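**Q** Residues per chain, in single letters:
Protein chains: 2
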Amino acid sequence: MNIQRRDLERQLEAIFTAWGMSDEHARITALRLTDADIRGIDSHGVTLMPLYAELRAQGQVNFRPRIRVLRESPVTALVDADHMLGHVPGTFAMELAIGKARQTGLAAVAVKNSNHYGAAGVYGLLAAGEGLIGMSFTSVWHGVIVPTFGREPMFGTNPIAFVAPARKNGVFFFDAATSTVAVGKLKLAKIHGRRLHEGWAMGEDGRPTTDPEAGLAAMRLTPLGGTRAMSSHKGYGLAAMVEILCSMLAGAYYAPTRERRHPEAKHWNIGHFFLAIDPKAFRGEGEFEDDLDDMIDALHAVPPVDPDQPVLVAGDPEKRAMAERTKNGIPVPPSLLAEVRAIAAECGAPWLLGP
Amino acid sequence: MNIQRRDLERQLEAIFTAWGMSDEHARITALRLTDADIRGIDSHGVTLMPLYAELRAQGQVNFRPRIRVLRESPVTALVDADHMLGHVPGTFAMELAIGKARQTGLAAVAVKNSNHYGAAGVYGLLAAGEGLIGMSFTSVWHGVIVPTFGREPMFGTNPIAFVAPARKNGVFFFDAATSTVAVGKLKLAKIHGRRLHEGWAMGEDGRPTTDPEAGLAAMRLTPLGGTRAMSSHKGYGLAAMVEILCSMLAGAYYAPTRERRHPEAKHWNIGHFFLAIDPKAFRGEGEFEDDLDDMIDALHAVPPVDPDQPVLVAGDPEKRAMAERTKNGIPVPPSLLAEVRAIAAECGAPWLLGP
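Listed in order, the protein sequences are those of chains A and B. Residue 1 is where the first sequence starts when you use the working numbering, and the numbers rise one by one after that. Residue 1001 is where the second sequence starts when you use the working numbering, and the numbers rise one by one after that.
Isolated chain A, as found in the complex (with noise of 0.2 Å):
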C-alpha cells in the first residue's frame, strides 16, 4: 500500500498525541520520521513505530517534557531532553545551533536525557536548507558494534551524519551508522536464506559468523572495515568518537556502564551532537555551493567498472526515492501497517489511512 506523505503524517499525528504529546510535538515527531520514508530511508520512518510503543510500555518516554537548554553560549548550548523521544528535542538543538551559526559562522548543541531520533540525517537538512552545513551524531542506549579484537558489544550504531548545501545539485547528504551494516542486513539474509557476508558480524565468542541466525542471536556488529586486515579499528575510533561527542561531552550515559555508574537511574538518557557551519564565514556567496556542485558532477562522470552501476554520490538514492515517492507515495508493507494499526487502537488514536 503507498500512502501519501501528508496522509502518514496525519496518522502518525493522531498516534503521538494519543500518546501525550501536544500538538506542536507530535507534529515535529511526524515529520521527522516522514523526512526519512519520503527519501526512502525505510530503516528510520515509520518502521520505528513498534519501536517507540515498546519504550512507550518500558516507561522510558516522557511525553509532556520540559525540553529546557541548560547552558548556552553565543555558539554552544546544552539541552535538556525531559526523556522525550529525540526528534523533537533533536529539531530545538538543530535549529538552536542554526540561529547561533547564522550570527556567528558556527555553532555546536549537545543534548543529553533523550532516546532514539530516527534518522541522524533528517537534523541535517534542517541546516542545509538554510544554507548552512549540518552535522548530526547519536548514541544509543544498548551497545551492538564489538570493539577490534574484543568479544563485547560496546557502541550502539552511532551514526555520522554530514549534510552539505549544493546548488544545481541540491544536497550531499551522508548518513551511516559506524558498523559495517545495520541490523536490518541480517534480517534480510535470515528473511532470504542467505549467508551473511564474512565480517558483518560476530557470534557470541567474537569470532565472524555467516550464519544470520547466530549472527542476530549474539546481536555482535562489526565496526566499519569489519575484520582487523580490513582496518575495524578505524570503524571502532568513529564510533568511539561519536560516543565522547554525544554521551561523555553532553553528559549523557555510557550505556555499557550504566548500570554500574548510575543504578538509580529510570532512563536510558542517551546523547545526540549536533554541528552548524555557514560556509558565508569562509567562502564568499555561493562559492561553497558552486565548488560542491564541480565536485559532485566530477563523481558522476568517473567511470563506472559495470556500465550499467554508475556513480553515485552521496545523496543521489534519497533524491530519487524523494521525487517517485512525492508522486507515488510511501510504500508500506502490510504487515507494518498492520503493526501500526494495532498501536493506534491500542492508545484509541482514530485510524485514518482508510480500511
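Calculated from the structure, these hints are not laboratory results. Please note that the accuracy of each hint is not assured.
Below are the DSSO-like pairs computed for lysine-lysine, each with C-alpha atoms no more than 30 Å apart in a straight line [claimed, not checked]:
no., chain 1, residue 1, chain 2, residue 2
1, A, K187, A, K319
2, A, K319, A, K168
3, B, K1280, A, K280
4, B, K1319, A, K280
5, B, K1280, A, K266
6, B, K1319, B, K1280
7, B, K1319, B, K1168
8, A, K327, A, K168
9, A, K168, A, K280
Fair warning: this is a prediction, and the values are worked out from it, not measured in the lab.
With chain A's structure known, arrange chain B on it following the hints.
**A** Okay, now just chain B, sitting in the frame of chain A:
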C-alpha cells in the same frame, strides 16, 4: 640507528633552515614531524623528508611565506598558507582555533593554499594539551581513493583526526585515513612477497587486485569498507566529507578538476580544516575527562577474542611507542638516514647525526 628526538629535531631544523625557512618556521615544522616519530607514527615523521625534498624541487613550496588571516570572526577564520609546507600554517590555524575556543567554547579554522602537513593527529594534540577536543582534516593534491562503483581515484587519503583529553588515560587519539589501508601497506606486502587482502586496492580496471605490484602501479585504494558488500560507500562518503571541509569550505582546489578549473595555477593549493571544542562549554570541571576515562577503562576491560591480544583504545599504540622512544630514541632505518643525509648535503645543511 636510534636517534633521540631532540637530535632528530635539530637535524631537520638545519635542513629546513637551509631550504630557506625562518628559524621559527623550521622549529615548528621539525616539531610537528617529530611529534609523529616519537609516537611511532613512522609513516608521517622523518620518512616524509624525501617527499618534501621532491615538492621543493618541483617548486611547490614557498619557504618564506606570508601566512595570514583572510577572514575572521570570534569563532571562525580562514588562513592563507601562502604555499608553505602545511605544518606551520596548520599549527597557526589550530592555535588560532584553540585561542578562540577558550574564549567562546568552539572554533573552526580553515586553511587554503597549503601543502602536505604531516600527521593529521598532531594538530589535535595541540588542542588536547589545552584541555580541548581537537579535530583535524586535510585534503591531498592527488587522488588515490576510488569511489564505490568507479574506476578512477577521486580523493586523497583524506584523514580524520579526533583527539580528546581524558585524565588518567591521557588522550584519546584517533587519526585515520578514509582509505581502507595506506599506500605503505601495499609497499610492505611487496617487500615481504605477500598478497594484498582483497578489498585493499584495485587495478587500473577498477576491479580488486591482490597483486601488490599491480596495486602499486594502479594506485587505486578502496574507501574504508573495501567493497560494496562491506559498505565501502561509507568510507567514500567520509572521504567526500573531508574534501568538502578542506577544499570546498576552505576555497582550496579539488584535485581532479584543478587542471580544468585553474589551468594557470602554479601550486597545488590544498586545504585543511581544524575544529576545537571546549568540554567546559557543556560539562562541569573535570566531568568530561572522568567520563572519558570511564569509557576507556571499560574498553580495556572487554574480554578479548584472543587472550594474547587485548582490546586497544585509539591512542594506546602511540602512548606505548612514546614511552619507549622517549627512553631509547627513534629508530631510523639506515636507508632512510642515508636519504636524509643526501638531502642535507644537497642543500648544504650541516650533518648533526654522527658519522
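**Q** Each hint needs a verdict: does it hold in this structure or not?
**A** Hint check results:
1. A:K187 - A:K319: holds (26 Å)
2. A:K319 - A:K168: holds (13 Å)
3. B:K1280 - A:K280: Satisfied, since the Cα-Cα distance of roughly 27 Å is no more than 30 Å.
4. B:K1319 - A:K280: Status violated; Cα separation ~39 Å.
5. B:K1280 - A:K266: OK: K1280 (chain B) and K266 (chain A) at ~26 Å, within 30 Å.
6. B:K1319 - B:K1280: Holds, because 25 Å separates the two Cα atoms, which is no more than 30 Å.
7. B:K1319 - B:K1168: holds (13 Å)
8. A:K327 - A:K168: holds (21 Å)
9. A:K168 - A:K280: Holds. K168 (chain A) to K280 (chain A) sits at ~18 Å (cutoff 30 Å).
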